[in-house]
Every structure is written in C-alpha cells, then in structure tokens.
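Enquirer: For reference, each letter of the sequence shown is one residue, going 8 to 272 in the working numbering.
Don't read these hints as lab results, they were simulated from the structure.
Just so it is clear, CB atoms sit at the ideal spot from N, CA and C, and this is done for glycine as well.
Any given hint could be a false lead.
Said to hold, decoys possible - Restraint ranges, calculated between C-beta atoms of paired labels, are given here: (1) 268 with 71: 19 to 25 Å; (2) 82 with 171: 42 to 48 Å; (3) 214 with 187: 43 to 49 Å; (4) 243 with 72: 46 to 52 Å.
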Amino acid sequence: MPLLSTAPRGLTITTVRVAAKHLLVAVALCSGGCGQHTPDPTPVPPLSGAQSAHFASIQAGDTGPARVRLRQMIDGGDSDSRTLFLMGLAHHWDRHYTQAAGWLRRAEAASPPYPPAAHFLGWALYHAGRPDESRAAFERHLQMAPDEGDSHFGLGVLALERGDFDAAERFLQRAIALQQEDPSRAAGVAKALARLSEVREQRDGDRQAAAALLARAVAADQDLYEAHYQLARLLRHLGRMAAAEAAEAAGRAAEQRVTAARTRP
Numbered sequence: 008m009p010l011l012s013t014a015p016r017g018l019t020i021t022t023v024r025v026a027a028k029h030l031l032v033a034v035a036l037c038s039g040g041c042g043q044h045t046p047d048p049t050p051v052p053p054l055s056g057a058q059s060a061h062f063a064s065i066q067a068g069d070t071g072p073a074r075v076r077l078r079q080m081i082d083g084g085d086s087d088s089r090t091l092f093l094m095g096l097a098h099h100w101d102r103h104y105t106q107a108a109g110w111l112r113r114a115e116a117a118s119p120p121y122p123p124a125a126h127f128l129g130w131a132l133y134h135a136g137r138p139d140e141s142r143a144a145f146e147r148h149l150q151m152a153p154d155e156g157d158s159h160f161g162l163g164v165l166a167l168e169r170g171d172f173d174a175a176e177r178f179l180q181r182a183i184a185l186q187q188e189d190p191s192r193a194a195g196v197a198k199a200l201a202r203l204s205e206v207r208e209q210r211d212g213d214r215q216a217a218a219a220l221l222a223r224a225v226a227a228d229q230d231l232y233e234a235h236y237q238l239a240r241l242l243r244h245l246g247r248m249a250a251a252e253a254a255e256a257a258g259r260a261a262e263q264r265v266t267a268a269r270t271r272p
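Put together the whole structure using the sequences plus the hints.
Expert: The following block contains the structure:
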C-alpha cells in the first residue's frame, strides 16, 4: 500500500483506487457517528437506503452506473448533501479530481451538514494540485470532527511538502495518537509513521530514527511497499546490507500483492 490517501495524492507515490478504498472505510465507519472522543463533534447523518446502495456500488468500483443513477436523482431535484457527496466520491474514485472537488464543494454547502464532504474535498484538492485550498478543507473538517486522524495526516503531508517540518511532526504525531488504538486504522498509523520518518531524516538528519519509524510502519501494514523501499535505502546508508536486501524483497512482494488486488476483477 502507498504512503498517501489520498495520498493521499495527482497521486505522486500511490494509486488513487487503493487510497480511495481506504477513505471509503472511514466514511462507512462514520455512518454510525464519528468523533466519539470529543464532546461536540458535528453528527454524521446516516445514508438513506438508496444512497447506501450507490455507496456500495462505488465501493465495488461500479462508479459509472452509480454516477448515472446519482445524476438522475440530482436532476430530479435531490439536493441532499449525501447524494452530492456520493457523486463527488464516484469522481474521486475514478481520479477525476477537479470534477470531484466541484461536487464535494456543493455537498459541503448543502443540507444536512455532512462532515465527510470536507474531508474528501481536502484530498481531491490535494490531488488536483491546490494545496492551499486542500489545507483549508482539512481544517474545516477538523472543526467538525476533531478526532479524524486522516485529516490530521492530510495536514501533515501538506506541511511536509511546503517544508514546515515542525508542523508536519505535530500533525503526524496527532494522526498516530488518534488512530493507534483502533485496529481498523492500522494502515493510517503506518502511513503517518512512514511520513514522520521523513521529518526525522530531512529535518534532524537522523537516519537511525527514520529507519526505526519505517520499521514500525511496515510492521503495522506489511503492504505499505514504499515504506519497505525507503527502509531499504536507509539501511544501506547505515551499512546494514543484509537487512536492506530483506527490506527490498519485502517491498517487491508487497507491491506485487497490492497490484494483484488492484487489478483483480
């Protein structure tokens, strides 16, 4: 699995289909209400029966038929935020980031308030190469759902890319803390650990600490193949050649697993 969600990233070191699937899990979890660790998060209203069916189609990769049916609902007068959100999600799944952002903006402005719209808008804008707008969307989402680790992760990635290593560290540490007790969020923890390793290497010049974080990342998610490759690179710098070869081999195996899962009918 790659290091972005969205990655998140277009996606520079990932594929959008794997990233979007990870985010879909977050939306599914939110259907019962997110942010239970904060006193006043904005409630996430559940999807209706028809919306749930379209959500399932998107999860299955049947985005074209889902968009057709969603468009019919919208053209018929459905202005519900969740319907607009699902249209944006279907475009996001297919890497149509600009179109996704347009629908997700509409969803964010519609009723009832639907917090995942801001979260996915953050990633769509990130993938579309609009970092300032992406950052603002993640910040809006965290005002509604302060405990959503993936939005903290998104802000951490953006901070890394603008060279603000101190802010990146704060956001990535928060992403780890919020998700590490939830086994279903192991992949999110792994991505944050891997990106935190970049802070250790680039800001601190501490390759040993960076390698230790990458080792934790691949232990949490063995399919995070780019972390295996980065770990192999650092281990070579540290003179640990046998361990580097093992990490390289693990990366190749992980990449093959992810590619096979992505292309399987």
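Enquirer: For each hint, tell me whether it holds in the structure or not.
Expert: Each hint tested on the structure:
1. The hinted window of 19 to 25 Å between residue 268 and residue 71 holds, with their beta carbons roughly 21 Å apart.
2. Checked against the hint of 42 to 48 Å, the C-beta distance between residue 82 and residue 171 comes to roughly 44 Å, which is consistent with it.
3. In this structure, residue 214 and residue 187 break the distance hint of 43 to 49 Å, their C-beta atoms being roughly 24 Å apart.
4. Between residue 243 and residue 72, the C-beta spacing of about 48 Å keeps the proposed range 46 to 52 Å intact.
In summary, the one numbered hint that this structure violates is 3.
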